[in-house]
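From first to last, the protein sequence lines stand for chains A, B and C.
So that you can map any letter, position 53 of the first sequence is 40 in my numbering, and since no number is skipped, the others follow by simple counting.
Just add 783 to wherever you are in the second sequence, counting from 1, and you've got my numbering.
So that you can map any letter, position 318 of the third sequence is 307 in my numbering, and since no number is skipped, the others follow by simple counting.
Check each hint, because a few of them may be wrong.
Claimed, not checked - The list that follows gives simulated cross-link-like pairs (lysine to aspartate or glutamate, EDC-like), each with its CA atoms no further than 20 Å apart:
no.: 1; chain 1: C; residue 1: Lys362; chain 2: C; residue 2: Asp117
no.: 2; chain 1: C; residue 1: Lys219; chain 2: B; residue 2: Asp864
no.: 3; chain 1: C; residue 1: Lys398; chain 2: B; residue 2: Asp979
no.: 4; chain 1: C; residue 1: Lys13; chain 2: B; residue 2: Asp860
no.: 5; chain 1: C; residue 1: Lys219; chain 2: B; residue 2: Asp979
no.: 6; chain 1: C; residue 1: Lys398; chain 2: B; residue 2: Glu1052
no.: 7; chain 1: B; residue 1: Lys989; chain 2: A; residue 2: Glu111
no.: 8; chain 1: C; residue 1: Lys359; chain 2: B; residue 2: Glu1114
no.: 9; chain 1: B; residue 1: Lys989; chain 2: C; residue 2: Asp408
no.: 10; chain 1: B; residue 1: Lys1033; chain 2: A; residue 2: Glu29
no.: 11; chain 1: C; residue 1: Lys359; chain 2: C; residue 2: Asp163
no.: 12; chain 1: B; residue 1: Lys1111; chain 2: C; residue 2: Glu360
no.: 13; chain 1: C; residue 1: Lys289; chain 2: B; residue 2: Glu1114
no.: 14; chain 1: A; residue 1: Lys76; chain 2: C; residue 2: Glu2
no.: 15; chain 1: A; residue 1: Lys76; chain 2: A; residue 2: Glu29
no.: 16; chain 1: B; residue 1: Lys785; chain 2: C; residue 2: Glu407
no.: 17; chain 1: C; residue 1: Lys274; chain 2: C; residue 2: Asp150
no.: 18; chain 1: C; residue 1: Lys398; chain 2: B; residue 2: Glu1058
no.: 19; chain 1: A; residue 1: Lys134; chain 2: B; residue 2: Asp1047
no.: 20; chain 1: A; residue 1: Lys134; chain 2: B; residue 2: Glu1052
no.: 21; chain 1: C; residue 1: Lys13; chain 2: B; residue 2: Asp979
no.: 22; chain 1: B; residue 1: Lys1103; chain 2: B; residue 2: Glu1026
no.: 23; chain 1: B; residue 1: Lys989; chain 2: A; residue 2: Glu138
no.: 24; chain 1: B; residue 1: Lys1033; chain 2: C; residue 2: Asp117
no.: 25; chain 1: C; residue 1: Lys219; chain 2: C; residue 2: Glu185
no.: 26; chain 1: C; residue 1: Lys405; chain 2: B; residue 2: Asp864
no.: 27; chain 1: B; residue 1: Lys1033; chain 2: C; residue 2: Glu258
no.: 28; chain 1: B; residue 1: Lys933; chain 2: B; residue 2: Glu945
no.: 29; chain 1: A; residue 1: Lys110; chain 2: B; residue 2: Glu957
no.: 30; chain 1: B; residue 1: Lys1111; chain 2: C; residue 2: Asp163
no.: 31; chain 1: B; residue 1: Lys1033; chain 2: B; residue 2: Asp1047
no.: 32; chain 1: A; residue 1: Lys110; chain 2: B; residue 2: Asp1047
no.: 33; chain 1: B; residue 1: Lys1103; chain 2: B; residue 2: Glu977
no.: 34; chain 1: B; residue 1: Lys786; chain 2: C; residue 2: Asp408
no.: 35; chain 1: B; residue 1: Lys1118; chain 2: C; residue 2: Glu407
By construction, these hints were calculated from the structure, which means they are not laboratory data.
The structure presented is a predicted model; accordingly, all values stated were derived computationally and were not measured.
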Amino acid sequence: MIEIKFVLNNKPCALNVEANERLLDVLRNRLGLMGTKEGCGEGECGACTVIIDGKTVNSCLVLAPQVDGCQITTIEGVGNRQSPHPVQKAFVQVGAVQCGFCTPGMVLSAKNLLDKNPQPNDKEIGVAMSGNLCRCTGYDKILRAVKLAAEEGKG
Amino acid sequence: MKKRGIGIGCAWYGTGYGNGFPDVSSAFVEIHDDGSATVLTGAVDVGQGSNSIYAQIAAEELGLESQDICVYSADTDVTPDSGTTAATRQTYNTGNAVLKAVRQAKSRLLDYAAREFSCPTIEGIELKAGYIGIKGDPSRRMPLADMVFKARLHGQRLISAESSTARSTPVDLETGQGAPYWPYAFGSQMAEVEVDTETGMVSVLKVVAVHDVGKAINPTQVEAQIAGGVAQGLGYALLEELELQEGRIKNPALSSYLIPTALDVPNIEAFFVEEAEETGPFGAKGLGEPAMLPTVAAVINAIDDAVGVRITSLPATPEKILHALAVKKEELAKK
Amino acid sequence: MNTTVVGSRVLREDAWGKVFGQTKFPADVNLPDQIYGVVVRSPYPHARVREISITQAMEMPGVVAVLSAKDVPHNSHGVLFRDQPVLADYIRMVGDPVAVVGAETLEIARAAAKLVQVDYELMPAVFDPEEAMLPEVLPLHPELCPTNILYHMPIRRGAMDKGWALADVVIEQDYRTQHIDHAFLQPEALLAYVDERGHMVVQTATQYAHYDRGEIAHALGLRFSQVQVKTLAVGGAFGGREDISLQIIAALMALKTLRPVKMENTREESFYSHSKRHPMRMHYKTGASKDGKLVAMEAKIIGDAGAYASWSINVLRKSAVHATGPYEIPNVSIDSYAVFTNNPFSGAMRGFGAAQTVLAYESQMDLLAKELKISPLEIRLRNHFRVGSTTATGQVLTSSVPLDQCLAKIAPYLQKGEDT
Ligand code: FES
Ligand code: FES
């Protein structure tokens, strides 16, 4: 067991973890944060996306000891019904959500993009979202939602 | 060189189980004291958004807003059987069942209201914008909630159970003649592609998709279904293939079984045509499956238009295209 | 019809829970004291199970139970025929489930699954549907059909000799489509338990909760009234959640151990535990007259049903019915076949048999247009269905056939950019 400390959704967190434990499992099974999903377990689908120190990461590929000292944001740390994040609002308004399994990862990728680059062009949006697979929407409304969120951010 | 081409695909699709298989959906409805309502149905919302379609149908019929309707679905202890979420049948078939059930619960309220308003026929009563009143006399109306509350005080219960069955008959076993499906949905798509003659790579630059939906109950969801269908069609046309060796799957992973990413899907322009299907709820028919059908053809035809080769086996991989280009070159040389 | 809510862009209520990550998919629910189930699957495409030895697996600390075919009260399920075993002792495809391990943790269950020893008697397998059709090949389901041809649907309309006589151009071509996977983003998962009423509760993602209930009740010998299937959020389906995958296996484990049972497929397991889109071989011959009217069409369609029937009959029927495309052709002869092989079983997938034929009939249209020196749009305009048209099955389309309107909307977009 290794003791790790990190900041999770702006709250300090300390845990004893196994050396080979995946961050995804720590989030879901130990901390009960079920918004982070597992779609492939091999870094291909992006359903398990979290933001670590300002970078989007597939949490299925991260070992828990690696996040010692890091800042982590999961979907549970982004917006709520009273004050949804602009990306969340845009996803709902545009109709970018179907089955919703990819949605938490998509929202985090979009949020992180806009945090870094508030006015991305279409190409940049496509590239930023290309690590997140969606089988339902054909991405069309997702890309539109990211654009809308960027525009809203302007005003 | 990168060569451009365009292609068209048309398709049709008989919705429902078909061939006389009993295609039945059911719904329970209760209108509550405050005028809001609950719809229970076995139809599973698999992500396409059927629950919100039923909310819209019920709200429309009751003169309410969507958020006044609670739709609860697909729990066998609570909801009635509504068949599979398949065969492009839930908007049409369960939509019809919900509509019938709402109408049945509403008819009791109308009976009661007609008496209250001294109106000899329920035909004279309407539900609109949260009110119930006399058609054509805006001065004589009351909030729906008040009427429901009154009706309940008099022992009325505004509950219902209804089913709807699609029409379909088995075809003749020897000749295949018969009327196996109803309704049919139609669609047409165009794709513009760019084929790299060096690498055989196809990029799809644009897809325009037009689908017949009878009536778009929710245009946003219609567009979303179309875009999702197009993306699956593109995967089918260009990327996806389960590789088998002696029945074993060689690529059982998303790293080797490739589905389209945001970078593989072009701008999709989705349009719909509304020509009411008289048997559908508010004229609607299904769209789920048809949305993916024409894409394959539009892409394959566009490849031919671009580089003059006919790909006859899916997916149209760069290897197949390069091979076809080489064969074509050889044939030209022979001539 | 004037409507206000119908036809408007109402926001989906469920979208909010999904953007906040609150929505519960089956992988997201747990119960205290649950055990984890892992399936042992056959690596062979065709075999008999001679013996299963569970001793080693059972000795592993934390293993609660290992179940196999002999533990299933009624060992079958299926959408059309109950031809698919819950836990197989006769293997017809790679990935057929032969045993399930229940253990205190997922890690233990996975490790113990590797210790289940299965002695297989290998049998010759067939993977090519045309070969499987030959009468000398042993049938995979003799109880359903004497050969591997599960289904043949003929469509006969008009007179072919008359049709070909009218044809000025004829295009004859073979087409092939591939096996594909639904690849819904959420792999199969569920939670099964016997609740305080003594009822079997299965929380899962499915396309048809009531069907699942019936199959679970049948296999376990329970009343429908004692089985609750509660559908949680479904992470995409596309036809791949119509057949039973883990539902009965998990319920069986819960019934035997009286512990809540959690099961979750890895992506690889998911590939093996649901159906595939039917690969099809299609031979098409289509004729048109000089004026661009379709006059005759012949098609032979062979669909690889794989190891189990699933919806194959309905799928190949749909292929046949839709084989002409949305076009009027007075003389038609179509034969479609569903054939058993030892490939992964094929079943429902978005488009359901009507998706494969599009490749063939729409390619034929373009090839004919080229021969006739008319545009692809033109040939479609001359032949498409309208109200009053008769389909290949003799069905008259009485209303709502707005393909003309679809084409009219597409027409202005039929322009391409420059080559580079
Ligand atoms: S689960 Fe981590 S990328 Fe798919
Ligand atoms: S909405 Fe279903 S995977 Fe994206």
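Which hints, by number, does the structure contradict? 1, 3, 5, 13, 15, 21, 23, 26, 28, 29, 31, 35
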